[in-house]
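Note that the protein sequences, when read in sequence, are chains A and B.
Taking numbering that gives the first Met the number 0, the leading residue of the first sequence gets 0, the next gets one more, and so forth.
Taking numbering that gives the first Met the number 0, the leading residue of the second sequence gets 0, the next gets one more, and so forth.
Do not take every clue at face value.
[Unchecked claim] Pairs of lysine-lysine, PhoX-like flavour, derived with a Cα cap of 25 Å:
no.	chain 1	residue 1	chain 2	residue 2
1	A	Lys243	A	Lys119
2	B	Lys119	A	Lys73
3	B	Lys389	A	Lys185
4	A	Lys319	B	Lys413
5	B	Lys243	B	Lys289
6	A	Lys185	B	Lys222
7	A	Lys389	B	Lys389
8	B	Lys73	A	Lys185
9	B	Lys289	A	Lys73
10	A	Lys319	A	Lys289
11	A	Lys185	A	Lys243
12	B	Lys134	B	Lys243
13	A	Lys73	A	Lys185
14	A	Lys264	A	Lys243
15	A	Lys73	A	Lys243
16	A	Lys73	A	Lys264
17	B	Lys413	B	Lys389
18	B	Lys185	B	Lys73
19	A	Lys243	A	Lys413
20	A	Lys289	A	Lys322
21	B	Lys119	B	Lys243
22	A	Lys264	A	Lys289
23	B	Lys413	A	Lys264
24	B	Lys222	B	Lys73
Since the hints were made in silico from the structure, they are not lab data.
Protein chains: 2
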Amino acid sequence: MEKNTRTIIFIGDGMGGLPIDGLDSQTTVEAADTPAMDRIAREGACGLMHPISPGRPAGSDTSHMAILGYDPQKYYRGRGPFEAKGVGIDVRPGDVAFRCNFATVEGRTVVDRRAGRIDKGTDRLAEAIRENVGKIEDVQVIFEPSVEHRAAMVLRGEGLSHEVTEIDPHDPGVDYLESRPLEDAKDRAGAQKTARVLNEFVRRVHEVLEDHPVNEERRSAGKPPANIVLPRGAGTAVDLESLKDRYGLDAAMIVEVDLVRGLGKYLDMDVIRVEGATGGLNTDEMAIAKAVDEALDDHDLVLANIKAPDLGGHDGDCEKKIKAIEKVDRALGYLLDNVDWDRTTIMVTADHATPCAVMDHSGHPVPIAFFGHGTCPDDVERYGERPCAKGIMGHLRGMQIMDVLTNMMGRAEKFGA
Amino acid sequence: MEKNTRTIIFIGDGMGGLPIDGLDSQTTVEAADTPAMDRIAREGACGLMHPISPGRPAGSDTSHMAILGYDPQKYYRGRGPFEAKGVGIDVRPGDVAFRCNFATVEGRTVVDRRAGRIDKGTDRLAEAIRENVGKIEDVQVIFEPSVEHRAAMVLRGEGLSHEVTEIDPHDPGVDYLESRPLEDAKDRAGAQKTARVLNEFVRRVHEVLEDHPVNEERRSAGKPPANIVLPRGAGTAVDLESLKDRYGLDAAMIVEVDLVRGLGKYLDMDVIRVEGATGGLNTDEMAIAKAVDEALDDHDLVLANIKAPDLGGHDGDCEKKIKAIEKVDRALGYLLDNVDWDRTTIMVTADHATPCAVMDHSGHPVPIAFFGHGTCPDDVERYGERPCAKGIMGHLRGMQIMDVLTNMMGRAEKFGA
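With the rest of the complex left out, here is chain A (with noise of 0.2 Å):
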């Protein structure tokens, strides 16, 4: 066993894709220019990744959670338990947690599902809500706002479910929404506490927001007041061992994303900060890469995440996605000219595809490969779905991957004698 080994996990986010007839039947990342994804592709294992299993579109979640090898069909409850400690919650198992926007509404009609993107005097407003807010029936509320309009709060009390519907609407203009029990809610009687008591919350911030100071500087301002807040991605926290504990591994995650960097609390890893990440196409690809050399003196495992490809996938822009993957492929040119591959190795892979014609998250498989310690590489040439496609690591899936990546690093226990 060689105990000095790292890994470095990099994440392309959203960056899977399909054909496209205007790049001439390429893919982004093959019609990108990626010289440093080609070199990892043509010295290292290739291969496909299904984050989820075959054809199952996954979220950014499920993904991150599935290739840290937390299986999320056993233990994702949602999403909103990885907002509420990203926002630094102290999220305990069995809580209910919510990510929200402040937002303003007239009567129960959302004008503004950001309140004009309020960027000041939401912490005065949260204490606020704290402060008259801080329980409902024997259910203990905690609201912790994040950037701008966004904030998270969690429900933490006996009897509760994360199966309700959501009290945002989602589209400005229409009603803001009463929470009730999912349809197919198997605790039934959580969901309807959990709704009763979101509506309560609901109705009771609208009550000490709608006449807030802070509110009444925004209207003499002619800035929309942010007098409500709305839940949504409601989740229950479940208890999940942490990183270290599982795999003795010390890790560090270098992410743009909160609800990835959620995750990252969650399993105790440490959430490092690189200035000049944005998490927009504008990022410093090259802080991030410097920061994940710097991360590997004293951690076994770096996972990074760039997230301007998913952008460039959502808004259904191919030339964005490209010059974003070109981004992430300068990141790793930085790191295979700086990291001392003889005891490293990389993984490059996406959380999930996000093709440009879709325009939202796809099942399809996405383009994987590893470098450096451990590894076995095959011919492939470059690097993108097809040529990864032929490689040596065939279809693995996102459950796979701490398996294959600890097994490189020469760390993984024999099953047997």
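Keeping the supplied structure of chain A fixed, place chain B upon it in accordance with the hints.
Coordinates of chain B only, in the frame set by chain A:
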């Protein structure tokens, strides 16, 4: 989500095979002249499919179940319920169903398993059975004739089990059998009761039919009397969710085999009969193709199966099998020319291999190709076991097909956020 997409599952029954010396070591699919399949492979995404799992020979029933996403390892309890449903009996969960032959016996010796392929009068014989053998102990007996000597029978009552040996000896010239509980029956008491009722059924049916006017007439005409019914293929009916409920898809089935048709009815698919679809080598494949094209007008999913290739395999007649495969190809050619592929995905495969050298189903993987909407084409040039093995789809199991297809249709639900 694109909601106006459609998908075709096109199955050449038993079309998979093994290399044949006399065919220059090609399989029958590889040796056949199949311009349509080859175009589908060339412009589509290829792979191999294991209907159940590697090496397990599948029946047509278990394979079609798996391809439609109903796990046969969980839900399959014998073919009887599908046969019974196929002939129009309202099978209910808990029923034990059998397929039956009208046959000719002298004493206990079966002299003709098909009663001279009797084609008239079985409705009157069935009526006599219903009148005289409608109930045994506390068990209701439901009996329905099908084409020629075929029929189906259902036992309905408390505490029954399909785990019983057959009455039908499957060979002429030997005695018909006494049903007994299977040695490894899990529900021993249920199997004992069922065997007892079944033996009593056969005894009383023989009594009722022996001197029935229909048989008196047959004897006068020098024909063997249909003086007994030989049940086989016991199966317990289970509660299967309809395909519409499971996937939200309006589905049709255009097949030539009662067994598969019964499955279609069981899943509440629209089972469409096509004039000229004989189930033999003389079948009108163009009528089937046209029916598939028409069914796409008001269905989201159409499953078609052409039976003929399987017959050639069972007969060990590779010339016959090649001719049958070329018929399948002509049907596919019609579809290639007439379907709107911008919104349609087709999957072409076999439900199992029936290699001519084996003359029965085998557990070898079968070629699979996806073409049209939502596919990621690879560089496979021809349809066949060996060419498709190099395709981007890798090795799929039957149970993964519906996930893969609904994803290609853009109708798969995202798991996670």
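Consistency of the hints with the structure:
With a CA separation close to 38 Å, the supplied pair Lys243 of chain A and Lys119 of chain A exceeds the 25 Å bound. For a cut-off of 25 Å, the pair hint linking Lys119 of chain B to Lys73 of chain A is broken: about 58 Å separates their Cα positions. Distance check on the hinted pair: Lys389 of chain B and Lys185 of chain A sit about 44 Å apart at the alpha-carbon level, beyond 25 Å; violated. Our distance criterion of 25 Å between C-alpha atoms is met by Lys319 of chain A and Lys413 of chain B, whose separation comes to about 23 Å.
Proposed proximity of Lys243 of chain B and Lys289 of chain B is supported: the alpha carbons are some 23 Å apart, at most 25 Å. Distance restraint check for Lys185 of chain A and Lys222 of chain B: the Cα-Cα separation of roughly 62 Å exceeds the 25 Å cut-off, and the hinted pair is therefore not satisfied. Proposed proximity of Lys389 of chain A and Lys389 of chain B is supported: the alpha carbons are some 7 Å apart, at most 25 Å. The straight-line distance between the Cα atoms of Lys73 of chain B and Lys185 of chain A is roughly 22 Å, inside the 25 Å bound, and the hint therefore holds.
For a cut-off of 25 Å, the pair hint linking Lys289 of chain B to Lys73 of chain A is broken: about 45 Å separates their Cα positions. Simply put, Lys319 of chain A and Lys289 of chain A have alpha-carbon atoms about 24 Å apart, close enough for the 25 Å limit, and the pair holds. Distance hint between Lys185 of chain A and Lys243 of chain A is unfulfilled; the C-alpha atoms sit about 33 Å from each other, more than 25 Å. About 35 Å separates the Cα atoms of Lys134 of chain B and Lys243 of chain B, which puts this hinted pair outside 25 Å; it is violated.
Restraint check: the Cα-Cα separation between Lys73 of chain A and Lys185 of chain A comes to about 15 Å, which is no more than 25 Å; the hinted pair holds. Annotation: proposed proximity of Lys264 of chain A to Lys243 of chain A holds, straight-line Cα distance about 12 Å (limit 25 Å). The straight-line distance between the Cα atoms of Lys73 of chain A and Lys243 of chain A is roughly 20 Å, inside the 25 Å bound, and the hint therefore holds. For a cut-off of 25 Å, the pair hint linking Lys73 of chain A to Lys264 of chain A stands: about 19 Å separates their Cα positions.
Only pairs whose Cα atoms come within 25 Å are accepted, and Lys413 of chain B paired with Lys389 of chain B is rejected, the gap being roughly 29 Å. Of the supplied pair hints, the one linking Lys185 of chain B and Lys73 of chain B holds, its CA atoms being roughly 15 Å apart against a limit of 25 Å. Taking the CA atoms of Lys243 of chain A and Lys413 of chain A, the gap is about 19 Å. The hint holds against a cut of 25 Å. Of the supplied pair hints, the one linking Lys289 of chain A and Lys322 of chain A holds, its CA atoms being roughly 20 Å apart against a limit of 25 Å.
For the proposed pair Lys119 of chain B and Lys243 of chain B, the alpha carbon gap of about 38 Å is over 25 Å, so the pair is violated. With a CA separation close to 21 Å, the supplied pair Lys264 of chain A and Lys289 of chain A stays within the 25 Å bound. In summary, the hint linking Lys413 of chain B to Lys264 of chain A is supported, as the alpha carbons are separated by about 24 Å, within the 25 Å threshold. With a C-alpha separation of about 45 Å, the suggested pairing of Lys222 of chain B with Lys73 of chain B is violated against the 25 Å cut-off.
Hints 1, 2, 3, 6, 9, 11, 12, 17, 21 and 24 from the list above are not met by this structure, while the remaining hints are.
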